[in-house]
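Student: One letter stands for each residue in the lines below.
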Amino acid sequence: GAGVSQSPSNKVTEKGKDVELRCDPISGHTALYWYRQSLGQGLEFLIYFQGNSAPDKSGLPSDRFSAERTGGSVSTLTIQRTQQEDSAVYLCASSYLDYSYNEQFFGPGTRLTVL
Amino acid sequence: QKEVEQNSGPLSVPEGAIASLNCTYSDRGSQSFFWYRQYSGKSPELIMFIYSNGDKEDGRFTAQLNKASQYVSLLIRDSQPSDSATYLCAVGPTGGGNKLTFGTGTQLKVEL
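Protein sequences, first through last, are from chains A and B.
The opening residue of the first sequence carries number 1 in my numbering; numbering runs sequentially from there.
The opening residue of the second sequence carries number 116 in my numbering; numbering runs sequentially from there.
It should be emphasised that the hints constitute simulated quantities derived from the structure, not laboratory data.
The model shown is predicted, which means the values in this text are computed figures rather than measured ones.
For lysine to aspartate or glutamate, the following EDC-like pairs were computed, each having C-alpha atoms within a straight-line distance of at most 20 Å:
| # | chain 1 | residue 1 | chain 2 | residue 2 |
| --- | --- | --- | --- | --- |
| 1 | A | Lys57 | B | Glu118 |
| 2 | B | Lys171 | A | Glu103 |
| 3 | A | Lys11 | A | Glu85 |
I would like the entire structure built from these sequences, with the hints used as guidance.
Tutor: Encoded structure:
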């Protein structure tokens with residue numbers, strides 16, 4: 001595809017429900033990142049998949065958050081037992097794994113609202 | 116202390132003026148620095164990156180890096196209303212690599 005795609009674009013859920021957010025990176029990009037952006041805030045790093053290496057999960061805020069990347073391509077971010085404070089825009093980005101130039105290309109985001 | 120700090124603004128400049136956006140960072144070993152622009156309701160997009168001390172120019176944009184002072188800035192010459200957006204500073208880790216730390220962004224308003 002031409003760019004990073006994410007689905008759904010909007011998700012409204014009730015507190016306590018589980019949600020899954022999907023990211024399709026740019027073809028050939030071996031690095032994939034998830035961020036969270038709350039209203040008026042910067043990007044909060046969540047998790048980073050770097051090729052075949054173990055993912056960097058250091059930004060996940062709690063054990064309710066998990067992510068997978070299947071076949072080195074599509075990634076799913078799962079939030080279990082959602083809370084109202086999980087409401088935010090979840091952004092996915094991808095890049096080449098290249099020390100010298102690591103421009104991250106962002107998807108359009110998923111706006112999550114937890115009622 | 117935040118790892119990457121930016122003044123949240125808003126920074127208001129008249130059309131045609133120079134807009135100066137500043138960013139400081141705490142990791143002295145950081146080697147890569149990025150400026151992303153984010154329009155309201157949209158995703159961030161990269162506009163400049165810089166690795167070496169000094170200035171780097173690209174059209175109306177100039178990135179300035181001073182590693183000794185742990186300071187990176189973005190100058191926008193001949194500011195246009197279309198430049199009105201939030202500008203995010205992002206810093207790469209010590210030793211290089213892809214994991215970036217973002218500041219909270221500076222909102223720029225270019226007024227007619």
